[in-house]
Structure formats: C-alpha cells, structure tokens
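Trainee: Now for the letters of each chain:
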Amino acid sequence: MTSMSRTTEPEAAGAAPAAARTVPRRRRPSLWIYVFLAPTVVLFGMYTVWPSVSSLVYSTLEWRGLGLERSFTGLENYRRLLTDPLFWKSLWITLLIIVVTVPLRVGAGLLLALVLNNPRLPLAGLLRTAFFVPVVATTAIVGIVMGFVLDPSAGPINEVLSIFGAGPVDFLGSSRTSLWAVMGVHVWKWLGVTLIYWLAALQTVPRELLEAAETDGAGPAARLRHVTLPLLRPFAVIIVVLTIIETMQIFDLVVTMTGGGPFFSTLATEVYIYDTAFGAARPDLGYASAIGVAFGVLTVLLMVVLTLVMRLAQRRQEQR
Amino acid sequence: MERIPRRDALALFAAGVALTASGCARSSTRGGVAHGDAGSLQWWDHFDPLKSALTGLFDEFEGNAGVAVERTVYNPDSMGQALQLAEGSDQLPDVFTNLFGAPSASLVDRGTVAPVELSDEARRRLEGSLFEGVHTFDGKTFTVPIFSHRQNSTLTWANSSLLEKAGHEPEDLPSTWDGFRTLCRDLVASGTEHPWVAPLAHSDRMQEHLVDLAQSAGQTLAMVGSSGNGITDARTGEFPFASEAFLEAFTFLHSLITDGFMLPASTSLDAREARVRWASGEAAIFFDGPWNAGVLNGQFGEFMKGVRVSGPPSPDGRGLTARPPADGQFWCAGTSHRREEVGELFSLLTRPEFAVALAENMDQPPADPHALDRAEVPALYSRAVRLLEKNVRTAPSPVVRNPAVGSVIAEMNDIRPDLGDITQGYLGGDIDDLGKELTRFNDRLSAERDRAIDVVNGAGGDVSVDDWIFEEYRSGDDFDVTDY
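Protein chains in written order, with full-length UniProt numbering: chain C, 1 to 320; chain S, 1 to 484.
Keep in mind that the hints were calculated from the coordinates and are not lab data. Certain hints may be false.
Some residues of chain S that are not near chain C, with every Cβ distance over 12 Å (derived) [to be verified]:
hint : residue
1    : E121
2    : F303
3    : I409
4    : D466
5    : Y484
If you want the footprint, here are the derived chain C segments under chain S, 3+ residues with CB under 8 Å [as the list claims (entries may be wrong)]:
hint : stretch
6    : 164-176
7    : 187-196
8    : 260-268
Just so you know, even glycine gets a beta-carbon here, dropped at the ideal spot from N, CA and C.
Only chain S is shown next, with the shape it has when bound in the complex (with noise of 0.2 Å):
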C-alpha cells in the first residue's frame, strides 16, 4: 500500500480540523442579524401569502430609508424551532412573527423583544386599537396588528353545484345546525357520498372549530390566545371545557361522523390536505377561515366561481362567536440594532394603503374594515370577511386587565391530552367518556394555573383568579377597550 507522505497527511488533518471548526462556527457575529447581508435588516415570518404586500412596503421602505429588508418565510410548523435555535445562537433576525410559543408578556419580560417608535401619523391612525399587555407594555408600543380580531376558523363552504344537485338553493346555506344535518342527508340522497371534510388529523384546527361552536351555542368565553389554558369561561373565570355548549359543539360535529357524512379520508388529513379533497369534489361542505377564498383563488381558480360561504351553523342560526384583541403579528427583537427603522416599517405597516394590499392577499381579513371597500377582491372574499365582520364579537382578554396574566400562561405546563387531543380522541372514538375527560382536563388545567399563580406571585407578581371573571360580559355583546 502507498504511504502517505508525514506533511501531507497532517496538512490534510489541519485541513480538516480548520473545515469542521468554520462549520460549527456562528454565520455571523454580529447580534441580529441571522445571514445574509449585514447592511440588511432581518425580517422572519410565516405568512407566506403577504408576499406581494410586504414585499411593496419593503421596497418603499428601502427607497425612503435606504435599508434592504431580507424577508425568510419559514412554515409555521418549523418557524418555532427556527426561533429558539436563533435566539440561543445570538441569531435573531431584526423582525419575527412570534411563533415561539410563549406569550409576548414573557418575551417583553426577558428582553426577547424590543418597543419602538412609530411615527405621529401612526400613532393616530392606531389610537384605540393598541391594547396594553397586548400590543404596548408600560406604556410604550412594542407591535401593531395589522389583522382583525373580527375572524373564526368555522365558515361554512360549499360546492354549489353539489348543492343544486341536492336540491338546495346555494345562495341560502343552511344556519342551523339541524339544517346542516338535513343538507347532508340530502347530499347523500343526490350522490355525494359523504358530503363534509374535516381535518380530524390537524387537532389544532379542530379544536378551533370546536371553540367556535361552542360560542355559537351561546358560551361566553374569555380568551388569551387559542390554546386551551388561555381559554376560560369569561363569567366565571373557570376553564369551561365540560360546560352544556362545548358538550353540545361535540355532539353536533360526533353526529356528522356517526350519520356517516364525514369522508372517512378526514381521519388523517391536515386543514390543507382537506381543502384539497373538498376543492377536488370528493365532499361538498368544508370548514375554514376566509384565507380558505385566497388559497382557492391562487390553486383551484375555476372551482372557486361555483363556492358559496355562511357562517359557522349554530343551535340558534345567529353563528356569532367572538375573539379576543388581535395580537401585533411583528416583534422587533431586543438585539436587533436597527429599531429606529423597525419603528419606520411598522408605521407604514398602518398606513390604508398597506391594509388594502393586504385585502388583497385575500388571507386574515386587515385590521382596517374600510380597506375592503377599495381592495379589488372576488366578491366570495368580500362576502366572507363582511360575514365576520358582521357576527365575531370582541371577547375579554384577561391579559389586558393584568399584563401578569401572560406570566401564568406562561408559566404552565402544557397538559396532554389537551382540548385538541380530546376532539380528535372523541371524534375518532378513543374516548368513550367524554363528560368524564373534559371535566378531569378543566381540573388538571385549574390545578396547574394555581400552581402558576403562586410561582408569579412568588416572584414579586399580583395576580388572581379574579383577573379572569368578566361577570358583565354577555354573549353577542364587544367587549372594548373602554369596558376594562
């Protein structure tokens, strides 16, 4: 065998020693900025379908300030690990949507994220819509929404043309959920075998539904975010998730299965695998937000001509849920050194042009209601996100009361199986007991926000059960910023 020679085989183990060291070595050293071009500011986000109104905004911004935005779209599922690994590598980008999972008190708390300065004009345009412990902390802006809170998860879509062959008139969905039974009987009855699509896989978007539901039979909840340990009922402040209208939201979606009008593919698809099934004509009915309008118009442009849309079916035909203020999507991180210009993109971010791009996008409806009526949109996206506007109410935020609120939720630990395993175990038919399940899941949830109370307050915190009982709020009525 040929030897190699003593100097090469060292330069070639130096070699490789320099190769793995600059490998493990950070991209950048500079705090903020994740990659790329250091004269640039890092923007992450997850909305992939924002990219022609940001990318507008962006380019406005560079011509004005003379700063390039480099946008990275992560999907929503690995955006969260995205974020930690960077922030535990000093990597943060300039700007990210926060999909760490935690709630923003927290990150204001640690310094994960940073208040800026938003222009006079900005200012004005936002007065009544920043909501402290939500949007501003102690007083000072840390991010704007640019989404309405007025939106579900829970419209109602359908295939007119499976409709008309049903003998139904499109125009006229059913509101009730007694009506919606008799539509898939008579779905059945033309020839659609199995009229509705659910994503029984997808437990997030489940239990959503579910929520929705449960208000559209008249709960009153109180709401910090969408995951269950944000989710009380607002007049008492207990969690709610055994109470006669979640039992009702149950029994109404486990009378679908059971009448065998779910395609029985539903079991293991996801929100879009299921938009793909309904888009394809395999099931006639599916539920969605109104992002469902801008998803069609972009993948199935010649089904969307023949799709109706109402609101979510409920015992009473009124469907009115509500939600929470919406959160600020944008958050400038504590590291970044460009919060001057952050300031400077998040006021164009309120400016009405920005809101009518974003109408445009056909994705979360904007958080200004007049947008639409300049936005050149398909009227099935209007007729959606005029339907929410109409029949979503403003839910108490217990967060906005006491900012410490975000503490204890983030302070608990999770409890498995959650609300959304709970649906999809019911609807599958793992959990026989559900009475029983949802009582022991309020419990195990109480228990652990006690817990969490006591180690906020240990830590020099003043907060109570009480900061979760809005005993004034009714449903169907706002709760504004005024009635805190």
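Okay, chain C solo, but in the shape it has when bound (with noise of 0.2 Å):
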C-alpha cells in the first residue's frame, strides 16, 4: 500500500492522465483475487456447503431413499432423535473416544517430538518416518489386519499373551473390551500426525531464547518447563482442535474393525449415520440427516466451547 502511495503522488501532482492509468492498475489486483478464489468458492460451495443445505432439508422429510417420495415432516425427525437410545449412546461413544484418545495422542505426541526434536539424537529422521508410516496405511487395511492381530483364537497379541498365563483376551467380540482395542489402534493409527504437528510448533521456538536460557543456568527441565511450553501454547489450541475433528471421523477404523458391534459397543455417531442411510434393512435417509445435521452442531458447539475454554485459560495464565 505504501509503495502504491509514492508511485501514485508525483503523478497526481503533474498530470491528471496519468493518475487515471493508476485507477486499473489499483483494480487489477482485486479482480484477480476474485479469479483465483472462484474455484475454491465454487468447489466449497458445490461439495460443503451444497450438501450442508441440502441435509438441513432432507432432515425434515420423510425419505426412505427410494425414488422421490419425499414428504414434508417438520422437526419430526428431531423429536425422534431426542427420545432415541442409539442415538445417545452412539454420541455417549464418540465423546469417550475423543476424551480417551486426544490427550493420549496429544500428550504422547508432544513427549515424541520433544524427544525426536533433540538434534543430538540418532536415527531420528528414521524414527520419525517409523511413527509416520501407520499414518500413510490405508485405515481399511489397518482395520482389518489389527482384526488378525487381536484374534482371540491365533493373534499374535493372545500367543503372547498365553506366554504369560493370561488370555485368550476377545478384544473385538466382547463389548467389554472392543471400544478400547479400537481406540488403542486409533491413536497408534493417527499418533504420527499429532508427533508432525508438535515437530512443526517446536521448530518455532528460537534457538537463541534456549541458549539464552542455558547460559543463565537452566537445566533441560527449567527451559522445558519457562521456555518451550510457554512458546507452544498458541499450537496446542489449534492442535487439540484438529486432532478432535478427526478423532470424529473414526468410520473406516470401526467399521473395518467391528462394523460397530458387537451390541453396539463400538457405535460411534458416523456409524450410527451410515447404518440408518444405507446398512439398515430399511434405509432412512431422512433420519440419517437429521442425526447428521445433530451431529454437525454438537461438533460445532463443541469446538466454540473448546476454543473459549482455552482462550480463556490463557487469558488468566498472561494475567498472573
């Protein structure tokens, strides 16, 4: 802006044609924000926006998904949501799971890039990649092979435990069991993209300020504990953030793992979603978006709480 300013004053000053030729040039630029951004408002608005619309409005029909006979039922499927078991109990799922699994993969991922950030350690480019490498899987794959490992019959994990005297442990059979073996293979699953994260936030902090700190005598503790976390704090908010929404979008891992069974142990919100729109014997679409639309802002209020809890903390912590 300022340059544009002292292009733009000499010419006003001299001659009044040429501070007509500086109009376009200022438009240009505008126009061609609204060019390249053209796509991505298109494609925002045909493949999330466009659907977020259309399941507000099939969440008031009565859409069993054959042909178009759809009619019109208000709030109908909201009531029925309310007064519905699974629906709760495949929210009460998803709730334990991200109270389970984010600080697990939050903290265990900040321990492992504290430690694979330390320049002095060996093999550290190797056992990043070795962390990483579940992330690239295919979740489908993964599900299904951890369904072999933890066989109760001849898994690896029950020979071993067998060894021991102990087992055979059915960690998907039993409901007792199932929703911690999938949370288990969840965060081993995912661990790698927090440990990226962290890895990321922590090349941030300056080099200069742990010196600094060394040379007044601080030990690795004490520069952790007054320089490293304090500087991380803005990440961990946006890091808690996007590994919940993702913790939300477990489908492919319990669906290739226990389908949601047995009993409904392992029913998490997107699988409840899916059954009721394709898996039931009697499809119901209508249903299915409204626990989605449901689903969409309970992740949404949770994530506002999320944000104004922790800003808020921050806030007190400046304050002291």
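Hey, can you piece these two chains together into the complex? The hints should help.
Mentor: Structure, rendered in structure tokens:
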C-alpha cells in the first residue's frame, strides 16, 4: 500500500491522465483475487455448502431413499432423535473416544516430538518415519489386519499373553474390550500426525532463547517449562482442535474392525448415521440426515466451547 | 515471482469449471441406462456365483434378440446403496435384484418396477408357482422365481476326519440338540478344542439360524421376507420372539458357548470368515446353507472331499423348517425402455436348461426340483438340496393373502435392537434378561405394526391384523397357493 502511494503521489501532482491510469492498476489485483478465489468458492459451495444445506432440508423429510417420494415432516426427525437411545449411546461413545484418545495423542505426540526434536538423537529421521508410517497406511487395511492381530484364537497378541498364562482376550468380540481396542488402534494409527504438528510447532521456538536460558543456568526441565512450553501454548489450541476433528472421523476404522458391534458397543455416531442411511434393512435418509445435522451442530458447539475455554485459560495465565 | 498471463489464467479457470461441471453431469441422459453401451441392456445383481449360468443365457439372448446384456455384479452390502443412488439420479438399470430394503409391493406401488410379458411357454412352466403379491400384482407378472423356497441357512456341515477322530461315524451326524452337544463333547475330548464356529458378528445370519432352530423346535411361522418385521406366529398373527420355541433355540445356542464349544474368534467373524476358519480345521462344525458346497468346491476343493452334511439339529430330530413362497430375484425397472426384451430374458429364466445351469452353480437350489437329476454336481451339494426338499415346508405368507400387507411392512420403522442384535447381545453376554428383552421387542413391533396399519388404511388401503392369522396352519405342513 505504501509503495502504491509513493508511485501515485508524484503523478497526481503532475498530470490528471497519469492519475487516471493508476485506477485500473489499483483494481487489477482485486480482480485477480476473485478469479483465483472462484474455483475454491465454487468447489467449496458444491461439496461443502450445498451438501450441508441439502442435509438440513433432508432432515425435515420422511424419505426412505426410494425414488422421489418424500414428505415434509418438519421437526419430527429431530423429535424422534431426542428419544432415540441409540443416538445418545452413539454420542456417548464418540465423546468417550474423544476424551480418551485426544489427550493420549496430544500428550504422547508432544513427548515424542520433544525427544525426536533433539538434534543429538541418533536415527531421529528414521524414528520420525517409523511413527508416521501407520498414518499413510490405508485405514481399511489397518482395520482388517488388526482384526487378525487381535484375534482371540490365533492372534499374535493372544499368543504372547498365553506365554504369560493370561488370556485369551476377545478384544474385538466382547463389548467390554472392543471400544478400548478400537481406541488403542486409533491412537497408534494417528499418533504420527499429532507428532508432526508438534514437530512443526517446535521449529518455531527460537534457539537463541533456549541458549540464553542455558547460559543463565536453566537445566533441560527448566528450559522446557519456562521457555518451550509457553511458546508452544498457542499451537496447543489448534492441535487439540484438529485432533478432535480427526477423532470424530473414526468411521472407517470402526467399520472395518467391529462394524459398530458387538451389540452397539463401538457404534460411533458416524457409523450410526451410515447404518441408518444405507446399512439398515430399511434405509431412512431423512432421519440419518437429522442425526448428521445434530452431530454437526454439536461438533461446532464443542469446538467453540473448547476454544473459549482455552483462550480463557491462556488469558488468565498471561494476567498472572 | 513470475506472473501468469491473464488470458492463460482465465483459460485455466474456464477449463477447471468445465471439468467440474462435466464431472457432476450424469453419465447418461437416457433413463434406464446406468452406464456403458447405450445399445446394451443393463443388468445389476448380487449373485456372483451365477456367472456361468447367466453368461450362457445372455449369449443365447444376444444371438436371438441382437441385444447385448451388460451385467454388473455388486457385493450385497453395496447393492442397496447403488440402487438408491441410481434411482435418485434416474439411472436405474433395466434389470436389478431388489436389495432396496423395501418389500416388492412398495416398489410396484411407486412404479420403480414394471410388469413384463412372458412367452406362452414360460407361463405354462410357471403355472402354480406364481403368487399374487409376490410375483404378480393385479394379475400382471413382474418377476419369476428362479430359486426354490425349500432352503434354510442352518444345515449342519461337518469335517469328517475330526468326527472320526472323535469316534463318530461321519455319515451319521446327530440330528438332535442333545446329540449335537454329545458330539461337541467328544470332539473336545479328542483334541478339537473348539468344535463349533459361528458368525456371531453377522447378526442377520445369526437371526436366520435362530429362526430355523425355533421352527425346528415347533414354532409355526407366517413369513414375509426374513427380517423380524415380517415374521409372525402363524396361529395368532402376533410377533413370536418370546415364545417357548424361540427361548429354547436361544438356550441351545447359548449352551454351546457356555460349554466352551464355540471357537472364541466367532464373536468377530462374519459368515465368510467363519467358513474359512472351519475349512482350515480350527473347528469341526459349521451351520450354513446349501451354497456352502459351491463355495467349498470353488475355494477348498480338497477339504470338500471330507465334508459331510445333515439337516439342522432339533429337539425331536426331524429338523423341519419352513419358508414362504420364494421371491422373484430379478425385476424390470419402471424406467426401462427395453421391457419387451426383459420379458424375453425372464422367459428364458424359466427354461429347464437354465435350472440345470443354476444347479451346477451350486448356489441356492433351483426352483425346478428335477434340475438336480440332470445336473453334474458333487454328491455333497445333491445331498444338501435333497435334505432341504425333504425337510423344508411352505410357510404361509400374509402378503400373498393381502398384498397391502407389503405396504404395512414397508411403512414400519426398524426397531432396534432387532432380533439379530438381540441374538448377538445375548450370545455375547450383553443381555441378561432375555425374556424381558424379547417381550419388549415383540411389544414395540406390535405397536409399530398397528401404527403402520393405520397409515396404510388412512391412505385407502384395507388391511388388518387378521391378515397375519393362519389358524389352520400346522408346523410340518405345506401351505400351498390353494390354501389362501
């Protein structure tokens, strides 16, 4: 902006036509902004806004997914949802998955990142790759392979347990263990992503600050507590939010490992939506859309509350 | 940074928009054609094992009519989704199998399917086997049955070498529940740690086993399809799941688990996985339908030589079950412009040659009981089908008595947990008070059916709970077309 002022001022003082020539030059960048934004706006509109609006409309219909026969039922699907024990159960399961796995991923990811960020650590690159490999493995394949790994009859984990006289444990076939098994695999599979977030955040900690602290006599623990962690705090909010969103998208892993069973014990809300829309003996797209909308609203609310709480905590800490 | 010329940028943007638009456009604008050659007849089904039988039929049809048939085989799990999406975008194929999750009557009402004209010869062959409300609606033929209704999913398949090791004669498999338990005990004693494998994660299949075992324990059922919504006590018209026979069937299956006879991995296996475990020798016994012989023949040929089969075990040793008249498998789309050709194809499905080809595919038994005499099939498949012909009866179907029953079932919302869920929950230890859970399920189904009856009658239908009652029907009887 300042450079633009510098170029226009002399011309404005000297001659009017020269000033007129500057107008298109001022407009040109804004036109290009719209041109380059257009594909994003179009695609975002088609694949995010339009489906969201459609879901909202479908959620007010009784629609079996058969043909064009749909009848408007207003808020009936939402009323049904409030009294549907499976919906509440699925929400509880999703919440439990978030409460258990997000702190694990964020905490373990930070610890690993701190270790792997040490320039003196041998084979750091190899270790980073090793932790990231599960992330790039196809989730469906991971789910199927883990079915074999956790098999109570001949799975390697139960073979090991039998050496110690324990087991067999029916990890995926018992409703007491299935959710924990799924959560364990989820943490293992996605830990690498959280690790990468933290590693990227750690790159922003100025080395001079750490060296200055070291010169002042601060040990590793003091440097971590008084330099590194305070500087990482702004990143923590976004990493937690991203991890929660990823955790809510646990559909493929659950479907391939347990299909939502046994007896609904791993029925995450996404799986319930899919079952209602496509997997049930009788599809119910209207009701599935209502569950989807309600889940979306709750997700946004959760994110808003979380962000507010973390900002509040941050502000209080700054005031101390 | 190098600037992109404005003209190039605009061209790029235009190309992007055009590409996106073309990606979102329908692959075909012609109704009734999903994809592929616009001149071919589109056929979608989920019967993978029927490839050779249908290929021969299609080749012959193409030779006669000059129209090629393009067949797409779907996994049963994804067929319903494919149909929903196809119908929503006006791209249903000319012929499809009904995995919409809706009774045929509602498809007819909605115009999703269309009637076809069969040849005179085909009509003669089908005399006495077409039921109003199942295959014909208002006297018009919509579909033809190619499979026999005399089948169930609970034949007992056994590994003869493990049985011999346990001191049992493989040709003389136990027919009673007590005999079955004794065999399991002997198998454990002889080193087969877990004699029985079951697909507990496949709740639909477990429900089928349960219904078969309850029937073998004397439960008389009227049936529309195989889901809980369509299964009622034939004598009373009420939902029967808390009856003594069902409780006995639950208890029998549960005892196999509490006695430690079930392979532990069963809790997370579906039917295909359970079959593989059984064929690999991890268990000696597996319940499955007649198609098991076909799968074994294709995938475990060597193992198949040592397999023996008998009927479902039952309290009295008779192992009688029943099924309603078989549905038609293939339907002509209401949007199809090739109804005449579809009629010709459906006529070919009724020919004895096709029934023989079906038998040789060793999937579900063909509707023509004589086909097996002329088919070249392993003795194991023949024995399975002969057992079914002998022991499976014709159950009454409320939808044959009154096609509006189909509309009621279409209107009913699913009740969860359903019978399959309850079976899984009870056998997996998640349900303690089974009687209470089943009674609750019955009550909720009854209330839902009453609501659906009101809706259907409110829309001009004429249906009542009486349509579900067949007082005169007895377990072990055939309820033929003349009995309605």
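Trainee: Each hint needs a verdict: does it hold in this structure or not?
Mentor: Evaluation of the provided hints:
With a least CB separation of 34 Å from chain C, S:E121 remains clear of the 12 Å interface cut-off, as annotated. Here S:F303 stays apart from chain C, with its beta-carbon at least about 18 Å from theirs, past the 12 Å limit. Listed as a non-interface residue, S:I409 fails to keep its Cβ farther than 12 Å from every Cβ of chain C; the least gap is roughly 9 Å. The beta carbon of S:D466 is kept farther than 12 Å from every beta carbon of chain C, the shortest such distance being approximately 24 Å.
A cut-off of 12 Å between C-beta atoms confirms that S:Y484 is not in contact with chain C; the least separation is 26 Å. Only residues whose beta carbon comes within less than 8 Å of a beta carbon in chain S count, and the stretch 164-176 of chain C has 6; three or more means the coverage holds. Taking a C-beta to C-beta cut-off of 8 Å, the stretch 187-196 of chain C contributes 0 residues in contact with chain S, too few for the three needed, and the coverage statement is violated. With a threshold of 8 Å between beta carbons, the proposed coverage of the stretch 260-268 of chain C by chain S holds, since 5 of its residues qualify and at least three are required.
Checked against the numbered hints given earlier, the structure breaks hints 3, 7 and satisfies all the rest.
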